[in-house]
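Input sequences plus hints: build the corresponding full structure.
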Amino acid sequence: MEAVPARARAFVACVAVAALLCLLPLPAVRTPWWEVALLAALSAGCEQAAARRRFAGTIYPVLLAGAFLLPPPAAALVALPGALLSPVEQRPRGLRRLWRAAQLAVGVWAAARVHGATGGRDAVVASDFPYALVPAGVAVLVFCLVLSLLDGGILALAERIPVRRAWRGLFLRSLAPVAVHGLAGLMMAVLWRSPYGPVAALLVLLPMCVSWWVFAQYHRERAAHQATIRALVQAVDIKDEYTRGHSERVGQASMMIARELGMDDARIEVLRFAGILHDVGKLGVPTRLLRKDGPLTPQERRIIELHPEYGHEMVRGISFLGEARAAVLHHHERLDGSGYPYGLTGGQIPESARVVAVADAFDAMTSTRSYRRARPVGAALEELERCAGSQFDPRMVTALVRALSRHGWHPAVTADEPGVPRPRPAVTGRSGVRR
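Under the numbering used here, the first residue of the sequence shown is numbered 661, with each subsequent residue one higher.
Since the hints were made in silico from the structure, they are not lab data. Watch out, some of these pointers could steer you wrong.
Distance ranges between label pairs, derived from CB positions [claimed, not checked]:
1. Gly977 <-> His879: 16 to 26 Å
2. Asp782 <-> Gln877: 32 to 42 Å
3. Arg757 <-> Glu1045: 48 to 58 Å
4. Arg962 <-> Gly1006: 16 to 26 Å
5. Asp782 <-> Leu862: 20 to 30 Å
6. Gly954 <-> Phe980: 34 to 44 Å
From a predicted model like this one, the values you see are computed outputs, not experimental measurements. The beta-carbon is built from N, C-alpha and C at its ideal position, and this holds for glycine as well.
And the structure:
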């Protein structure tokens, strides 16, 4: 069983107690129990289907329909069977089921309470549009806010992530999809109370099922992309054993720079790919040159300097990489035009390549290699700042310095300490960094 910090377990216990308090008034609540049972069975079925297809959030329309139709305690009860019976892969399974059940119960209870307090239940019965959208919208906001607060709390306690970082962006990222689910839940509730009854309400789930299938296909495609990238990186690591792990760290540093520059999440992800794949062209370089003891001849150096072009040819047909392909090709260009492969200057160098160039040089300096020990982070940053304007983009250097001052850097050793061979002469660039 995976270890869960005691404070995280205590947090789960507190949320579970809150869920029980939400359910306490159930014996005194007047509600058609067949509706509760039908909605609970429907949410359990959606939960099972979602678990098989590895796609979350599919039960939200049913839960929110329950919040719009039922008193708060009964609406909270609808969430429990599906959450408690859902398949869980990661351990501890019981604790994870309890957490999900308690979280959903509290969220649905809060949404139902707000919806009822704003007159939403009467608006649903009367099919009073567009007024019915107002209490439903407020209820969806509350539901989303409660889930975001609880998710951020468990992240901060279980993963030891700083509280601010744990909550940052959770609400805004989840608001749009939950709002769509809320609209579907409102349509279900209105049809449920109409002369057509529950059967018509269930038809609302059909277009939702189609959208879930589309999203599931997208996630499968994304998983295939990730597997492709991992295979390429592993091939590079096997071939150039002295830089093992370098690609992942360059991807991490590229991501830190991109975040500091205020780029959106999609572009940050692309730059992570760019950092991870920047040296994939080394697969086209003879292994004897990558592992050669002693300095390279000018001809051998020219062969190694072809690796950006080799890499670009390898990834050119992978459309999802976007501007990462330009970074693979141009990450060894220099602002003063003395880089390779094309000797671009200043703004001619794509921004993605300028990000990766700084991340690449930084990790090269702060990682132990076969030919030298790692430099301290401070010394590496000083070297980057010294070369800013001639080799590196000053904006990217400044962004990395700021990011590291906040989050720090913990470089891994790229060759096992006991097996590191005798240092050999290195062929370095003008910044003194062999990359």
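Holds or violated: the 32 to 42 Å window for the beta-carbon distance between Asp782 and Gln877? holds, 40 Å
Within 16 to 26 Å or not, the Cβ separation of Gly977 and His879? Holds: the Cβ-Cβ distance is about 22 Å, inside 16 to 26 Å.
Indicate whether the distance between the beta carbons of Asp782 and Leu862 respects the range 20 to 30 Å. Since Asp782 and Leu862 have Cβ atoms about 23 Å apart, the given range 20 to 30 Å holds.
Do the beta carbons of Arg962 and Gly1006 sit within 16 to 26 Å of each other? Distance hint for Arg962, Gly1006 holds at roughly 25 Å.
Lying within 34 to 44 Å: is that true of the beta-carbon distance Gly954 to Phe980? Because 40 Å falls inside the window, the suggested range holds.
For the range 48 to 58 Å, tell me whether the beta carbons of Arg757 and Glu1045 fit it or not. Given a distance of about 51 Å, which is inside 48 to 58 Å, the answer is holds.
In this structure, every one of the numbered hints holds.
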